[in-house]
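Peer 1: Listed here are the chains, written in short residue letters.
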Amino acid sequence: AQSVTQLDSHVSVSEGTPVLLRCNYSSSYSPSLFWYVQHPNKGLQLLLKYTSAATLVKGINGFEAEFKKSETSFHLTKPSAHMSDAAEYFCVVSEGQGNKLVFGAGTILRVKS
Amino acid sequence: DVKVTQSSRYLVKRTGEKVFLECVQDMDHENMFWYRQDPGLGLRLIYFSYDVKMKEKGDIPEGYSVSREKKERFSLILESASTNQTSMYLCASRRTGSYEQYFGPGTRLTVT
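Here the protein sequences line up with chains G and F, keeping their order.
Residue numbers for the first sequence follow our numbering, beginning at 1 and rising by one.
Residue numbers for the second sequence follow our numbering, beginning at 114 and rising by one.
None of these hints come from the bench; they were simulated from the model.
Backbone N, C-alpha and C define an ideal beta-carbon position, used for all residues, glycine too.
Treat each hint with caution, since some may be false.
Said to hold, decoys possible - Computed footprint of chain F on chain G; a stretch qualifies when at least three of its residues, placed anywhere within it, have a C-beta under 8 angstroms from a C-beta of chain F: (1) 43–57; (2) 71–83.
Stated by the list, open to error - What follows is a set of in silico ranges between Cβ atoms, one per label pair, in the way DEER data are often shown: (3) G:S84 - F:K170: 32 to 40 angstroms; (4) G:S28 - F:G153: 21 to 29 angstroms; (5) F:N197 - G:H82: 19 to 27 angstroms; (6) F:G210 - G:K69: 21 to 29 angstroms; (7) G:A54 - F:T128: 45 to 53 angstroms.
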């Protein structure tokens, strides 16, 4: 069975500094990996996805993630945090043909001014 | 833009009541999903449907049932609500062949 571990439940950064949200996964075959973001009182929005093409994936709002098979990691980064990035972020692995998503527990990102 | 709507943002029900949560999508997606979201647990799949009248259990189906009579609508039913079903419920849809799931805004259900 596939699983996802988000290594930090809360991350706090200052505006303008880099963001790193860490995610490790376990999978018995080539996974598809995603990051979703959830702003307060909003639904989840897809930030970016890895589906066996380029290992460095660019998403919306300046976010990137790098798939590292040897480390079974898919960390999310952004060079410079904005206040509007404050939200909860979920790392997700897909089983099968995309109908079974396995979510991590989530990381709440706080951005200080 | 894909739109997934849920019938209520907030709902308060009493223990033992039958509860219906409705979800509608407007993009003709074949696949629809119900999740519950609890702090520290992420989202967990309750049921999904890959076609009208078709359904499959997810990871936590106990205490829930679903109905999909029309392609655009997917209902989650709590036959007899219990306090441990107090949670945020999220609906999603996906086009076959695409990996992305599109989520609704969620229904926060409180069972007292």
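Peer 1: Run every hint past the structure and note whether it holds.
Peer 2: Status of the hints after comparison with the structure:
1. For the segment 43–57 of chain G, the proposed coverage by chain F is satisfied: 6 residues have a C-beta within less than 8 angstroms of a C-beta in that chain, meeting the threshold of three.
2. Restraint check on the segment 71–83 of chain G versus chain F: 0 residues with Cβ-Cβ distances below 8 angstroms, three needed, restraint violated.
3. Separation of S84 (chain G) from K170 (chain F) is about 38 angstroms and conforms to the stated range, judged on CB atoms against 32 to 40 angstroms.
4. Look at S28 (chain G) against G153 (chain F): about 26 angstroms separates their beta carbons, and that is inside 21 to 29 angstroms.
5. Between N197 (chain F) and H82 (chain G) the CB atoms are about 38 angstroms apart, so this pair departs from the stated range of 19 to 27 angstroms.
6. At about 25 angstroms, the CB distance of G210 (chain F) to K69 (chain G) agrees with the hint of 21 to 29 angstroms.
7. Between A54 (chain G) and T128 (chain F), the C-beta spacing of about 51 angstroms keeps the proposed range 45 to 53 angstroms intact.
Hint check: violations occur at hints 2, 5; the rest are consistent with the structure.
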